[in-house]
Structure formats: C-alpha cells, structure tokens
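*Asks:* Respectively, the protein sequence lines represent chains H and W.
Note that the numbering used here has the first sequence beginning at 133, numbered continuously upward.
Note that the numbering used here has the second sequence beginning at 459, numbered continuously upward.
It is possible that some hints are incorrect.
What follows is a list of derived Cβ distance ranges for each label pair [as the list claims (entries may be wrong)]:
1. H/472 to W/635: 47 to 55 Å
2. W/471 to H/255: 46 to 54 Å
3. W/635 to H/359: 36 to 44 Å
4. H/262 to W/477: 34 to 42 Å
5. W/484 to H/237: 56 to 64 Å
6. H/451 to W/597: 52 to 60 Å
Note that these hints are calculated values from the structure, not bench results.
The beta-carbon is built from N, C-alpha and C at its ideal position, and this holds for glycine as well.
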Amino acid sequence: MKLILGFIPLLDCASLVVAAERGFAAEEDLELALVRETSWANIRDRVVVGHFDAAHMLGPMTVASTLGIGHVKVPVIAPFALGLGGNAITVSLRLWEQMTSEGASVESDPGTHAAALKGVVVSREKARREPLTFAMVYPFSCHNYELRYWLAAGGIDPDREVRLIVIPPPFLVDALRAGQIDGFCVGEPWNSVAVHAGVGAIVTATTAIWPFSPEKVLGCRLEWAQRHPKQLASLQRALYRASQWCERPRNRAELATLLSQPRYVGAPAELLRQALEGQLAQTTHSKPSHLENFYIPAQHNATFPWVSHALWFYAQMLRWKQVEFSADHLAAVRATYRPDLYRAALASLNPAIPVEDSKIERFFDGQTFDPAQLPSMG
Amino acid sequence: MSDPALRILLVDQNVTRASILEEGLREAGYTNVAVVRDMQNLLRRIVDADPDVIFIDLENPNRDVLEQMFQVSRCVRRPIAMFVDHSDTDMIRAAVESGVGAYVVDGLRKERVKSILDMAVSRFNAFSQLRDELDRAKQELEDRKIIERAKGILMKERGLSEDAAYGLLRKAAMNDNRRVAEVAQSVVTAARLLK
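Model the full assembly from the supplied sequences, consistent with the hints where possible.
*Replies:* Printed below as a string of structure tokens:
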C-alpha cells in the first residue's frame with residue numbers, strides 16, 4: 133500500500149527518509165511517498181484534510197489539534213515518536229559576548245547560562261533598551277516550551293522581559309545575522325549552520341535543560357488510524373527498524389549524505405554528521421565538543437510515545453496561557469499519545485517496551501514533572 | 459452575496475497571483491482589500507489593515523509566523539482558521555488543494571465569508587492553471603527552438619530538405635520512444651562535440 137507522508141526538512145525526519153530509502157518500508161509491503169513541506173501549519177492542514185496519511189509532526193501539535201486550539205478540532209494521535217532531543221539554543225555573537233561578561237562560558241550549565249542572560253536582560257532594562265528577541269519555530273512546539281522553561285528558570289519572564297517570535301528554520305540564521313533577533317531555539321542543523329556561518333554561538337542543547345526530552349512524532353488522524361490499523365502497525369515497524377539503522381554509528385556518514393540531498397534536508401552533510409554524532413562546535417573558534425545524548429533516534433526507548441510528554445505539553449499550554457484547564461481536555465490529551473498502539477505493533481520487535489505509559493520527567497533545575505499532579509494545576 | 463464592508467488581507471509573495479485574487483475580490487464588490495508582499499513588519503501591516511479575513515498562500519513559510527501572531531499578539535483581533543466547524547472539512551480541503559490558507563476573525567458568521575473563500579479557491583486554481591499553461595508554453599518554445607537548430611544541422615550536413623530533416627528526427631524519436639525535442643537536443647550536442 134502506498135502511504136503519503138509529509139515532513140519538514142530537519143535532522144529528525146531521518147527515520148522517515150531511511151524507512152523509504154533503505155527498504156524498511158518495502159519489507160512491510162509499504163511504499164512511502166515523502167512530501168517536503170514549507171510550514172508546520174501546512175503539515176497540520178494536510179494531515180487534517182487527508183492529503184497526508186501521516187506526517188513528521190511537532191509533538192505539541194498533535195495535542196493542539198486534538199484540543200482544537202487555534203484551528204479545526206480534529207483528533208490527531210501520536211502512536212510513535214521520531215527520536216529524542218536534537219534541539220539547541222543559539223544566540224548572536226554580541227549577546228554571547230555580553231553573556232560571557234556576566235559569567236557564562238562554553239562549559240557552563242544551563243542554570244549559569246540563564247543567570248548570565250538574566251544579567252543582560254536586567255542591564256538592558258536599566259539602560260531602557262529594547263528587550264531581547266528570541267525566535268522559535270511554532271507556538272505549539274517543544275522549542276517554544278523548552279526556551280520558555282529555561283528563561284523562566286533563570287528568572288526571566290518570557291512574555292514580559294523578552295520577545296518571543298516565530299521564524300521558519302531556514303530564515304533563522306539570516307535573521308540572526310541581520311540583528312532582527314538575538315537568539316533562537318531550533319532543531320539541527322540550523323544551530324550548527326549559524327555557528328559555521330560565524331553569526332552565532334550555541335548556548336546549550338535543550339537535552340541539557342530536559343534530559344531525554346521529546347521532539348517530533350509520527351502524527352496521524354485518529355480516524356485514519358482506526359480505518360487502517362494494519363498499515364499503521366506496518367508503518368510503526370518500518371520506522372522502528374529505520375530508527376535503529378539511524379542509531380548505528382557506522383551508518384551515520386551514509387545517513388548524513390542521504391539527508392543532505394536537496395529533496396530532504398538540503399544542508400551540508402558534514403554538519404548533519406556532526407549533529408548525528410552529538411559533536412557540536414559551540415562557537416566558530418571552538419572545537420566540536422561531545423554533547424551526551426544530544427539526538428537519540430532509537431535508544432532509551434526514544435520511539436516510545438510517553439503520555440507524560442503529552443501531559444507536560446498540556447501543562448505548558450496552561451502555564452503560558454495558550455488554553456484554560458478543563459477535565460475534558462485532560463482526558464483528550466491523555467488519549468493523544470498512544471503507547472497501546474505502540475505496544476501492539478512492536479511487541480515482537482522491541483523486547484524492552486516500557487510497561488508504564490507515563491514517567492516522572494526531570495529538569496536541569498532539579499524540578500520534576502509528575503503527570504499525576506496535573507489535575508490539581510487547574 | 460457580497461459583503462463589501464468586510465476587510466480582507468492577502469499575504470502573498472507572488473505578485474501575479476495576488477493581483478488575480480485582488481481583482482476577483484474587487485469585481486465581486488469587496489473594496490476593502492489589502493495586499494502584503496513584503497514579510498518584514500507583517501504584524502504592523504496586519505494591525506493597520508485590521509482584517510476580518512486573511513488569506514495566505516501555502517507556499518509561504520511565513521504561515522507559521524502568522525499563526526504565532528494570532529496566538530500571542532494582543533494588538534490584533536484573534537483570527538482563527540476558517541471553518542472551525544468539523545463538518546466543513548470539504549471546504550478546507552478545497553482551499554488546501556488550491557494552495558490557499560484562510561483565517562477569519564473569531565465570531566464572524568460563516569455565511570458572510572463563504573463566497574469570499576469560494577472566490578479565493580477558484581482564483582488560486584485559475585492561477586495554478588495559468589502557471590501550468592505558462593510552463594507548457596515555455597517548454598514548447600524551447601522545444602521548437604532546439605528542433606529548428608537540429609533541422610538546420612541535418613539540412614547542412616546531410617543536404618536534406620527541411621521536411622526530410624524533420625521526418626528523420628521524428629522517425630528517430632519514434633524508434634527510441636523519445637520526444638522529438640530530446641532527439642533534436644542530442645543532434646545539437648553531438649554536432650557541438652564533433653566541431
């Protein structure tokens with residue numbers, strides 16, 4: 133059967149590309165037609181109207197669609213996660229210089245970085261200068277929530293003390309160069325592209341803010357999943373094998389070359405390979421340093437759709453006032469991520485599938501997120 | 459039925475398409491139409507236009523920028539995707555297929571905007587058709603040029619008449635299951651190599 137899948141040119145579309153290009157889909161009698169898209173809104177719309185059977189989606193986008201925030205209310209599910217991590221926060225060289233004079237260095241932890249940034253924010257306020265502007269890629273994205281979490285942990289109010297705007301990934305580096313923005317949070321390869329172009333410094337990988345943090349998922353309409361249970365299971369298995377292929381160090385060079393093609397990510401293979409290895413040069417003059425667990429395609433149950441991830445996104449939507457709490461919403465959010473479908477499809481392939489649907493999520497500042505406590509947040 | 463009081467904003471970097479839609483809307487009696495081509499200061503333009511309905515082309519990556527503005531900005535009235543009623547998936551499908559994204563200000567009645575969306579969809583479709591035709595016409599022109607050059611080479615090198623030269627190209631194309639223009643391109647390339 134032929135499936136049409138949408139994707140955005142980013143490192144973590146890797147499993148989709150490999151499933152299509154390295155025979156994993158064919159083994160499951162699937163033919164994957166991958167369609168490159170220009171915006172997340174297009175991905176959502178084309179999934180919702182049935183142009184795409186499934187797509188490379190922002191995790192929080194499945195929740196937003198299910199709740200109908202800002203758009204048509206169509207239940208979208210996440211039966212499979214497309215890896216963990218892969219994002220970083222990059223700032224302009226000027227801001228980096230100011231942050232270093234406030235005590236930040238390449239080796240600092242996210243807390244020290246945030247404190248240094250707070251110092252810059254305060255001195256700008258005193259000097260009555262415009263607030264700093266940070267960009268991310270979509271209002272319902274891990275990037276938005278990770279950036280906000282980090283800023284807030286450093287005592288910076290993301291809605292008052294800085295400006296947060298959306299800029300599509302391919303335009304971020306130019307915006308940073310032009311001084312239109314002072315920093316951004318985005319997936320690879322765009323952080324490395326900024327460093328390589330000599331216009332930015334990588335402050336931190338977001339996996340240092342939230343270890344084993346989620347990113348994209350495979351998203352599809354609930355209704356499609358109910359109509360095509362076998363095809364969905366086949367797709368999950370093909371993607372699972374593809375993600376394991378992506379995880380193997382010996383395949384990284386080949387994967388980087390594959391993704392570097394213009395019809396996929398269209399970025400230099402060398403930068404993609406470094407990101408796959410977790411070797412990121414934080415500044416133009418520093419050697420690439422190894423970031424532990426930067427981008428994880430398969431290991432550590434990176435493809436398991438943890439319900440606690442969906443609930444954390446919902447908690448952030450509440451925290452940043454994108455939506456108001458309701459018990460109905462909470463139930464709908466729980467039903468968005470589908471570990472049950474994951475277990476049913478992958479029981480024979482993955483012997484180490486978690487038996488729990490949720491886990492306690494831990495952050496760099498010592499805070500934890502216990503999904504069981506969510507109802508009391510309303 | 460048109461509702462001339464409605465303010466409409468088009469966000470489209472393609473000048474031709476934007477004017478096709480703008481013209482259609484004006485002809486239908488919508489006089490409050492603003493067009494944004496430059497993505498700088500998008501928010502300011504939206505605030506100034508204060509639109510009831512916004513259209514954006516789907517090739518435009520700035521669509522995500524627009525959606526964020528609707529989410530956070532307190533200075534624009536909050537537009538939402540057109541037809542948030544689930545029964546209208548067909549309308550959304552028609553819009554997406556024609557390549558247009560549509561937003562309406564929350565609370566605007568559906569009947570007031572349906573004809574505008576229909577107009578946008580048909581004009582976007584007309585534009586795609588126009589673009590396809592243009593691409594085809596360009597291709598045909600290119601084909602004709604290369605065939606003329608190949609004919610000229612065959613006439614000169616083999617002493618053939620114009621008709622005979624074309625017949626030879628056509629026969630070779632049929633034998634190889636290729637287009638005449640492709641065979642002509644090979645002749646031109648070969649002649650250049652043999653010079």
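*Asks:* Each hint should be assessed against the structure and marked as holding or not.
*Replies:* Now for the hints, and whether the structure bears them out:
Checked against the hint of 47 to 55 Å, the C-beta distance between residue 472 of chain H and residue 635 of chain W comes to roughly 52 Å, which is consistent with it. Between residue 471 of chain W and residue 255 of chain H the C-beta distance comes to about 39 Å, which lies outside the given range of 46 to 54 Å. Residue 635 of chain W and residue 359 of chain H have their C-beta atoms about 41 Å apart, which keeps the hinted 36 to 44 Å range intact. Look at residue 262 of chain H against residue 477 of chain W: about 36 Å separates their beta carbons, and that is inside 34 to 42 Å.
Distance hint check: the CB atoms of residue 484 of chain W and residue 237 of chain H are about 60 Å apart, consistent with the given range 56 to 64 Å. The hint said 52 to 60 Å for the Cβ distance between residue 451 of chain H and residue 597 of chain W, and at roughly 55 Å that hint holds.
Hint compliance for this structure: hint 2 is the single one not met.
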